[in-house]
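**Q** Listed below, chain by chain, are the residues.
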Amino acid sequence: MMFSKRTKEHKPFPWHLWVFLGPGLLIYLTFSVYPLLDTLILSLYEEQAGQSEFVGLKNFITLVTDENWSSAFWNALSNNLQFFAFHMLLQNPIGLLLAVLLSSPKLRLASSYRTLIFMPTMLSVVIIGFVWQLILSPIWGISEEFLYSIGLGQYFDAWLGKEGSALVTLSFISVWQFVGIPMMLIYATLLNIPDDIIDASTVDGASPMQTFFHIKLPLILPTIAMVSILTFVANFNAFELIYAVKGALAGPNFSTDLLGTFFYRTFFGFQLQQGSSTMGAAVATLMFLIILVGVMLFLFFIQRRIQRFQF
Amino acid sequence: MKLMQVFLPKNTSAGQMSKSVTIHGILLAYTVIALFPILIVIMNAFKDRKGIFRDPLALPTSETFSLVGFEQVLLRSDFGLFAWNSLLVTVLAVGLVILLGAMAAWALTEYRFRMNLLITFLFAMGIMIPIRLGTVSILRLIVELNLVNTLTSLVLVYIAQGLPLAVYILSEFVRTIPKELVEAARCDAVSEYRIFFSIILPLLKPAMATVAVFTMIPIWNDLWFPLILAPSEETRTITLGVQQFVGQYVTNWTSVLAALTMAIVPVLILYTIFSRQLIRGLTSGAVK
Amino acid sequence: MANLQLKNIQKRFEDVEVLHGIDLEVKEGEFVVLIGESGCGKSTLLRLLSGLEEISEGDLMIDGQRVNTNPPAKRGVAMVFQSYALYPHMNVYKNMAFGLKIAGQNKAFIKNKVLEAAKKLKIDHLLERLPRELSGGQRQRVAIGRAIVREPKVFLFDEPLSNLDASLRVQTRVELGKLHQELQATVIYVTHDQTEAMTLGDKIVVMNKGRIEQVGAPLELYHQPKTQFVAGFIGSPKMNFLTGKIHQQGPESTQVMLESGRIISASVNSSELHQGQMVTIGLRPEHCTQASLDNPLTGSVSLVEHLGEVSYVYMDLGDEGELVTKVDGDQAFQAGDTVSFGIEPHKVYVFDENGVTLDRVTNE
Chain L
1 MMFSKRTKEH KPFPWHLWVF LGPGLLIYLT FSVYPLLDTL ILSLYEEQAG QSEFVGLKNF
61 ITLVTDENWS SAFWNALSNN LQFFAFHMLL QNPIGLLLAV LLSSPKLRLA SSYRTLIFMP
121 TMLSVVIIGF VWQLILSPIW GISEEFLYSI GLGQYFDAWL GKEGSALVTL SFISVWQFVG
181 IPMMLIYATL LNIPDDIIDA STVDGASPMQ TFFHIKLPLI LPTIAMVSIL TFVANFNAFE
241 LIYAVKGALA GPNFSTDLLG TFFYRTFFGF QLQQGSSTMG AAVATLMFLI ILVGVMLFLF
301 FIQRRIQRFQ F
Chain R
1 MKLMQVFLPK NTSAGQMSKS VTIHGILLAY TVIALFPILI VIMNAFKDRK GIFRDPLALP
61 TSETFSLVGF EQVLLRSDFG LFAWNSLLVT VLAVGLVILL GAMAAWALTE YRFRMNLLIT
121 FLFAMGIMIP IRLGTVSILR LIVELNLVNT LTSLVLVYIA QGLPLAVYIL SEFVRTIPKE
181 LVEAARCDAV SEYRIFFSII LPLLKPAMAT VAVFTMIPIW NDLWFPLILA PSEETRTITL
241 GVQQFVGQYV TNWTSVLAAL TMAIVPVLIL YTIFSRQLIR GLTSGAVK
Chain F
1 MANLQLKNIQ KRFEDVEVLH GIDLEVKEGE FVVLIGESGC GKSTLLRLLS GLEEISEGDL
61 MIDGQRVNTN PPAKRGVAMV FQSYALYPHM NVYKNMAFGL KIAGQNKAFI KNKVLEAAKK
121 LKIDHLLERL PRELSGGQRQ RVAIGRAIVR EPKVFLFDEP LSNLDASLRV QTRVELGKLH
181 QELQATVIYV THDQTEAMTL GDKIVVMNKG RIEQVGAPLE LYHQPKTQFV AGFIGSPKMN
241 FLTGKIHQQG PESTQVMLES GRIISASVNS SELHQGQMVT IGLRPEHCTQ ASLDNPLTGS
301 VSLVEHLGEV SYVYMDLGDE GELVTKVDGD QAFQAGDTVS FGIEPHKVYV FDENGVTLDR
361 VTNE
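Residue numbers (the UniProt record's numbering), protein chains in the order written: chain L, 1 to 311; chain R, 1 to 288; chain F, 1 to 364.
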């Protein structure tokens with residue numbers, strides 16, 4: 001073991017190690033780890049007239065119980081859960097369906113479909129938000145006209161402007177944009193299943209349906225789990241779409257407010273309410289905890305149970 | 001019959017035929033759904049106001065064709081500058097993420113040292129925990145460093161945002177490099193720096209492409225940090241620029257459509273050119 | 001168990017025809033080996049038999065019934081894949097039970113069948129394991145077990161031994177032979193390994209470029225290859241081929257002049273050919289001996305490979321190229337030695353320009 005790097009002899013300081021690791025680590029610690037920890041600590045303080053004072057969990061108690069804050073917070077949280085549920089129920093199943101269709105054997109034009117369907121995912125959420133705002137606008141009337149042409153005209157409404165339908169509509173837009181991600185990841189996993197295994201199942205007498213449910217689906221479950229956690233993190237971090245389409249106030253009447261927009265308003269203030277960095281930090285801390293719990297649940301319960309398969 | 005041949009392999013039996021038609025039908029329908037809104041916007045950007053409202057589904061005709069929207073956008077905002085800012089920030093940040101990420105990944109996988117596990121864990125956390133949650137403190141920090149309204153602030157934050165995934169993907173890749181390569185070089189007394197820069201770095205190229213894809217898209221499309229850290233007219237990125245412009249001229253349809261088109265088209269052109277590499281990177285990197 | 005008939009089976013992918021009309025009969029309980037170089041169509045043929053690929057033209061009959069359009073399970077075939085193709089998320093038991101479960105059999109029946117097959121293959125202690133926890137040889141057995149439990153009419157094997165290491169391959173080969181005797185099953189077995197073909201097959205089908213080159217029992221192919229391709233394919237080391245011209249033709253004896261002017265006489269019927277026509281002669285390494293005084297071939301030894309029991313001697317014949325001979329392991333040869341080997345005329349093969357073997361005059 002003469003050349004082992006583990007020898008405990010007096011070695012010179014490993015300069016090269018820190019030359020390699022140092023710059024990246026420094027930037028990461030300074031602009032990501034430190035701010036995050038600082039935010040968590042800041043959430044325990046209150047700032048008044050430039051003086052900050054340790055107040056323990058007061059900010060959180062205010063957020064969850066105070067009449068000025070709590071309804072807004074719970075509203076944003078519940079909207080966010082709906083937003084997430086909507087993605088899970090729509091985005092991932094559609095992505096799965098498209099991936100399965102794309103991976104059908106000997107499919108012509110598969111790569112063209114894949115490229116085109118993934119296109120919206122590449123564009124900025126802000127741009128997509130505006131595009132749909134125009135498309136759904138009653139002033140332009142393009143959707144209304146389209147619905148009339150297929151005989152559903154009477155169902156048209158200014159969906160984005162109505163309290164009851166705005167959040168669902170925005171969810172639809174987001175699903176429409178990001179369906180490419182589950183599609184692509186599941187598709188890649190499906191392509192990785194060796195043809196022999198599918199053939200074996202066919203020879204064993206399984207119909208294409210049975211092959212899908214008994215063989216393919218169990219093999220893509222780890223990917224579906226991964227897609228779900230990615231969706232979870234992205235959804236509880238969403239901001240741009242709401243901000244672009246509905247502004248920081250997430251109207252009408254906060255019906256499209258998500259934790260992201262709520263955080264933004266709390267931090268920077270809106271209308272008469274002054275922005276507060278400590279309250280903002282408290283909101284961010286709660287978002288952090290929610291995401292952390294979600295990720296942990298995923299790692300410990302789901303990921304552990306679903307083994308990753310080597311072919 | 002010619003058309004059918006595009007979609008179906010030859011010698012297809014009737015049963016396969018109907019199945020194939022269904023599959024193509026669904027995929028084609030979804031492709032239309034995916035592209036329709038974008039195409040409508042682009043199409044109408046080249047029309048005058050009347051053309052936009054009279055028949056939004058029609059292609060521009062000689063009567064309705066107009067570039068007035070684009071003229072207004074270029075007149076009222078500094079689109080060229082916004083695009084340049086975005087390009088500068090994205091290229092610098094992605095380039096540095098790749099370089100620093102590769103160096104860190106190499107250090108963390110090749111050398112054993114006391115804090116290795118802790119640092120690896122810290123980077124791994126960053127993959128899942130969004131950097132946005134630290135915005136309150138990031139803003140304070142940027143203010144203290146006197147970097148508000150500078151592109152530098154964006155580059156620094158984006159490096160921090162991109163590094164965790166870069167380190168993860170590159171580390172996975174470094175592990176596949178045969179140990180003998182490095183050991184042979186060490187036996188020849190090649191310095192650790194030379195080993196990294198002339199042996200390892202060239203081998204990491206494919207993984208770097210994957211990292212570039214994953215890092216580039218969120219940076220180019222980001223609204224949050226430009227809005228908070230660098231909202232001034234001189235430092236606006238294209239995403240923020242479009243957002244502000246559309247917010248300001250929301251009733252001016254020709255301008256809004258033109259602005260959106262100017263933001264969409266370059267990305268779509270680049271995407272079409274690089275889609276093959278991009279999708280390969282996306283699928284190979286993500287499966288691991 | 002069943003018999004199979006293939007009548008003019010053809011397969012086209014798009015515009016490319018890869019099988020040009022295969023006719024073959026497989027009797028009940030027969031072990032048939034399809035052999036050929038990669039790309040010769042042997043695996044494609046197996047996939048046509050299994051029902052994984054559609055037959056473009058021709059008839060496939062199993063027990064007298066045309067099954068061209070039947071799905072795999074309805075044909076009563078089971079297949080063992082080169083990669084084993086075990087379902088990675090199912091344990092050994094479930095892997096073996098899958099086919100029966102799909103067929104809607106009841107649990108007790110399935111359990112019975114699986115345990116029986118597992119015992120036979122000595123994998124009954126592995127039933128709870130996942131495929132990734134098994135060694136290559138164990139996976140192989142599970143794959144065979146999965147085929148056995150379904151009690152198919154025909155077993156299809158696609159190069160099942162090629163992923164095993166050398167010693168395990170020999171051992172498994174022997175076990176496969178025993179298993180076949182025990183089950184008395186009809187087997188169609190694809191391989192590119194001639195040892196597997198010779199040792200396992202009741203009947204060997206040599207394929208080349210989408211056609212059947214020759215069908216026969218192992219020794220028949222060795223002794224009476226119909227073409228130069230088959231002659232070169234069966235036998236190790238490979239048959240030596242030397243080119244020359246007909247020097248003297250005749251119905252019972254033929255003389256061939258090699259490029260250097262050497263004359264080789266062979267007991268073959270060349271009355272259809274005329275003098276001066278290009279032919280190829282084939283000499284098996286094991287037929288060339290120093291003891292034989294016929295057709296002497298002299299040259300210098302360029303290399304000797306000692307295998308123990310036998311040695312391969314590579315001789316440089318000058319204009320004719322190289323000649324490989326197989327000699328007793330205890331005979332001493334050294335590179336540089338000038339040696340002379342002979343071969344009896346009735347052991348010389350002659351192939352015409354199309355690679356067809358000229359009829360040999362047998363005096364036995």
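Because the hints were derived from the structure by calculation, they are not lab data. Careful: at least some of the hints might be erroneous.
Unchecked claim - Here are a few chain L residues that face chain F, going by a calculated C-beta distance under 7 Å:
(1) 192
(2) 196
(3) 199
(4) 203
(5) 204
(6) 206
(7) 210
(8) 218
What the hints assert, rightly or not - Taking lysine-lysine pairs in the DSS-like style, the calculated list, with each CA pair at most 30 Å apart, reads:
(9) F/7 x L/106
(10) L/216 x F/153
(11) L/216 x R/179
(12) L/106 x F/74
(13) L/216 x F/94
(14) F/101 x L/106
(15) R/50 x L/162
(16) L/106 x F/209
(17) L/106 x R/19
(18) L/216 x F/326
(19) F/74 x L/216
(20) F/209 x L/216
(21) F/101 x R/19
(22) L/216 x F/111
(23) R/19 x F/326
(24) F/120 x F/74
(25) L/216 x F/113
Stated by the list, open to error - So the derived list for chain R, only partly shown, Cβ under 10 Å to chain L, looks like this:
(26) 53
(27) 91
(28) 240
Everything numeric in this text was worked out from a predicted model, so none of it was measured. Each residue gets a CB set at the ideal place from its N, CA and C atoms; glycine is no exception.
**Q** Would you mind marking each hint as holding or not holding in the structure?
**A** Taking the hints in turn, this is what the structure says about them:
no. : hint          : in the structure
1   : 192           : 11 Å, violated
2   : 196           : 4 Å, holds
3   : 199           : 5 Å, holds
4   : 203           : 4 Å, holds
5   : 204           : 4 Å, holds
6   : 206           : 5 Å, holds
7   : 210           : 6 Å, holds
8   : 218           : 5 Å, holds
9   : F/7 x L/106   : 28 Å, holds
10  : L/216 x F/153 : 28 Å, holds
11  : L/216 x R/179 : 36 Å, violated
12  : L/106 x F/74  : 24 Å, holds
13  : L/216 x F/94  : 15 Å, holds
14  : F/101 x L/106 : 29 Å, holds
15  : R/50 x L/162  : 28 Å, holds
16  : L/106 x F/209 : 24 Å, holds
17  : L/106 x R/19  : 12 Å, holds
18  : L/216 x F/326 : 53 Å, violated
19  : F/74 x L/216  : 22 Å, holds
20  : F/209 x L/216 : 35 Å, violated
21  : F/101 x R/19  : 26 Å, holds
22  : L/216 x F/111 : 24 Å, holds
23  : R/19 x F/326  : 59 Å, violated
24  : F/120 x F/74  : 25 Å, holds
25  : L/216 x F/113 : 26 Å, holds
26  : 53            : 7 Å, holds
27  : 91            : 17 Å, violated
28  : 240           : 8 Å, holds
Of the numbered hints listed earlier, those contradicted by the structure are 1, 11, 18, 20, 23, 27.
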